[in-house]
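The whole structure should be built from the sequences, with the hints applied where relevant.
So you can see what is in the structure, the chains are spelled out below.
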Amino acid sequence: MPINYLILLSRQGKVRLAKWFTTLSPKEKAKIIKDVSQLVLARRTRMCNFLEYKGWRIMWRYGASTNELSADSKIVYRRYASLFFIAGCNSTDNELITLEIVHRYVEQMDKYYGNVCETSYVISPLLQSSRIDKPQIFNFQKAYFILDELLLAGEMQESSKKNVLRVISAQDSIEDTEVDEEVTKIM
Amino acid sequence: MASSAAAGFLSRGSSGNNSNMRGLVQFIADLRNARARELEEKRINKELANIRQKFKDGSLSGYHKKKYVCKLLYIYILGWNVDFGHLEAVNLISANKYSEKQIGYLAMTLFLHEQHELLHLVVNSIRKDLTDHNELFNCLALHAIANVGSREMGEALSGEVHRLLISPTSKAFVKKKAALTLLRLYRKSPDIVQPQWAERIISLMDDADMGVALSVTSLVMALTQNNPEQYKGSYVKAASRMKRILVDQEYAQDYLYYKVPCPWIQVKMLRLLQYFPPSEDTHVRELIRESLQKILNLALEMPKNVQQNNAQNAVLFEAINLIIHLDTEQALMKQISSRLGKFIQSRETNVRYLGLEAMTHLAARAETLDPIKQHQSIIIGSLKDRDISVRRKGLDLLYSMCDQTNAQPIVGELLQYLQNADFAIREEMVLKIAILTEKYATDIQWYVDISLRLIAMAGDHVSDEVWHRVIQIVTNNEELQVYAAQNILQYVKADHCHETLVKIGGYILGEFGHLIAEDKGCSPIEQFLALQGKLQGCSSSTRAIILSCFIKFVNLFPEIKPRLMYVFQAYSHTLDSELQQRACEYLALASLPTDDLLRTVCDEMPPFPERQSALLSRLHQKHGNTSDKRTWVVGGKDANIIEKNPGLKRAQSSNGGPQMNGTNGTTNGTNGHAKGANDLAGLDMLDTGPSEPKTLKAPNLASAAHLSPDWEIGYNKLLTKAEGILYEDGQIQIGVRSEYRGQMACVILYFSNKAPTAVTSFTTTLDLEPAEKENLSWEVKGLPESTIHQGAQSQQMIMFEAKKVFDKSPTIRISYIAGALQALTLKLPVNIHKFMDPAELTADDFFKRWKQIGGAPREAQRVFGVKGGRDGDREINESFIRRTVEGFRWGVLDGVDPNRKNFVGASVLHTGGGGKFGCLLRLEPNYGTQMVRLTIRATDDSVPPIIIKTMEERLAVGISAYPETMEQPSHRDISNVFENILVT
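Protein sequences, first through last, are from chains A and B.
So that you can map any letter, position 171 of the first sequence is 171 in full-length UniProt numbering, and since no number is skipped, the others follow by simple counting.
So that you can map any letter, position 596 of the second sequence is 596 in full-length UniProt numbering, and since no number is skipped, the others follow by simple counting.
In case anyone wonders, no lab produced these hints; they're calculated from the structure.
Cβ coordinates follow ideal geometry from the N, Cα and C atoms, glycine included.
No false leads were slipped in.
Here's a subset of chain B near chain A, in silico, CB distances under 7 Å, partners left out:
| # | residue |
| --- | --- |
| 1 | Glu114 |
| 2 | His143 |
| 3 | Lys176 |
| 4 | Ser215 |
| 5 | Tyr255 |
| 6 | Ala314 |
| 7 | Thr349 |
| 8 | Arg392 |
Quick look at the structure:
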């Protein structure tokens, strides 16, 4: 039940992060992003979080580059303030559990960055989209690293928040030591 | 504000030290401040030129390389094209510093795709990181493979990935990554996962770490779908782990997700169980039932927040799917159907959507549609939901719940809804309406009315298959023809008539127009005028059909021939070459002196050959290769019976619908429309998806062909005993106790852990030759503990029933992890003679029965001596024989045989299906020659050969001729004892 792709889309339709778990050509990726953005941005509030997406079917019929995507696919999305989190999956997948994978990712990033920005931590951390948005821009590589700890091959790898954070902080502390060495060298 | 935040983020990296890629921060801040896209572009181009120059100059330190690659990555993420620096990025991978390596790997996964040539360069670096003793490096390498791993990479590295997965020294956080990386490689190339890995991989589902168990379950799910036989052990694992999580609450607090214990693993295990047919083992079924009931109960709890609600429902809906799949759990089924009724009326859109979906699944499997039908009006109402996702699910459900009794109202509703339906789903709706109309047509008029109305209403969304199908059915059903011809003529006569109807009209009037020619308003000339009126406004292919219709009219209605000829003449000058050729040919055909040829050519069309409706194949297009298998399809029970046997060619689609009795498949060449039939057949091509991956026949490790060395020592001892040690080595001792009553046997196995540590993932699997399964059945009453602590013991009770006389004994595969995977296959001492009860007989009775039974075939006799001959160190003596014969459950009858040296015995054999058999034995020993003559007679000829064979084997072994001495321990014994201490 893999997630095929995860796209973070701003309300203006700008892609903030795109992670592909199946191999696709740039053209196919562009088509999916375009279709999916249109579909999701057109949704109104209080509609359900799931959408059928058959655009892939056409590509699939005309020799798409992978057979890993099912001809019928589905989008599971959720809006966090000004940011849409969109996960593409197969039509047979469990929708709600996919939705909660997305949520866990949001929480995980929130927790990681939240520890840094004490000031904004007080106000409802999840809905402070700017805080999800910002790391994209400043410490952008971390968003990918966290994702790699959470999802691999499109499958949930670890649902314990603590375990993920532990690995990420281990990475950070190695980085810190290495940077310190670098500084000493330069000095 | 932006820059202060930036400093905030970076402070975590370098404790306020600005040297941490200050250039990068500045660059990002610049871009953030760029108000217009032109400014952003200008800044990026400046930076790209700078980086290009730096890379060209070379001799950059790792730190600088990292910084510039980071900038490139950032530019790339913003959506700009980065066409250089890939090599520098890849070089970072072989750096020694973690932070440089990490950026190198990230760049690789973002810049390079699976087939990129640079990937060949990194395979060795990845291999080096996979084998590094630093686990964080292992993880980076695994991420890289999991993100861009190709078939080639899999071939080179799958061995290492597998090693990291199973190595006893691998940390949990490495194992789970290795499992998912292997999954990625498996999706790329299924033969990368070798069959002999199966047992070890399944055993990891018991891993104490929930993350590992979760990841491995994902892997097993993919493997299972292609090799259910090889991975069937995962069924029991999933069932028992689920029960441990749900009922015994065996999980770390950290895995509670908003009060729901690891919903992800629950969902996966519930899904995995749906990939197998329901288990026949009552114990496993009970485990599953308990878990499911627990899920249903937990779902009644009022959720405190969205997350808990979603997680609860995610598990609940998957549980509902499993309950529907199991199909036997009446009590659970009742609970869910009443809940589903509430779900489809829920105020939450997600729940309405999922409720409709689950009900569609129910309709696909349930014996009766009644529980669903009682909600019919609500379901019809869902077609008017404000959310298209819900409307679609409503459509699916209506389609699935349709049967003879409600087809007319449902089709009526669907037709009405079709008029306002979203364009995106109109084509699908038309298909579904067409299928339902055909499938449940009880009267012919209804079929024709609805089909024509459907096409009239939604002409543009009608795929060719739909109108082709209408023609096939009308052609093959005589009783439809007149009515269809009358109706289509009315449509064609109208001013506004969809072109698809003209096509149908052209065909049907050409074939059956003569049947209505006498009716009012249907005279030949009126039919002609109606079609001629449409000629101008139609496309070339429709005109071709009309021309073909007209040549048929020449044959049917000679009275209007001149007008028809006039049309042909006009079209023989048309610019369209296809039409021109037709017109010329038809003109020539109609101008021949005799009409013999015309009559032959325009003969009535033979019925269409019976074949699967192309409508269905259009609806169920095939899925990708390694994507998940559907466990059911939208559509009623019929559709799912077909789906269950994907190997079978789907033979027909229209049970109870209009039958097509055609046998002759030849199509008439001059009929401009003959191609239609081929088109329908040609659609089958959609069904031939990518071919199934090759699967090697997996060895059944639990079978008698894979018995472990030394299995026979304990087995032989236990042949004549009810309890004792079956197997023992340095790590484990397996004891057996058994009790036989009639045809039933209760066998308890005791597993004692002798290893210096706990053993985990303790698994047992019973097996028996398929041919014997109907003779000997069993029921597992419990499973041994998954973890057996040092010095502890676990047990398993199995009930056997001898249904008939059986020859082969069942075998058991025992596997566990003590460092590495250890596995044994042993034969269980469950034999036919164990089901015998010793009997007492007087001499008279004995000989009377002995004679009654008589010789062959109900007698078996063997003459044999002790193994190793007369001079060996083993012998046969009286006490040995007596013990053995009694051990084989004979009542030894003393003083019955005239020769006192001989043994005679009697017993009764119990079987469940075959009843009781009387068995008699006579054993004549010659201690001088150390030979024995053994004769067995029984009331059924299947018994003696089996018993005599086992007894001969035992008796021929004899007993030591010398007083028992302590044997020197063998080399093997020593090494067994010291196995855990000696370093090998």
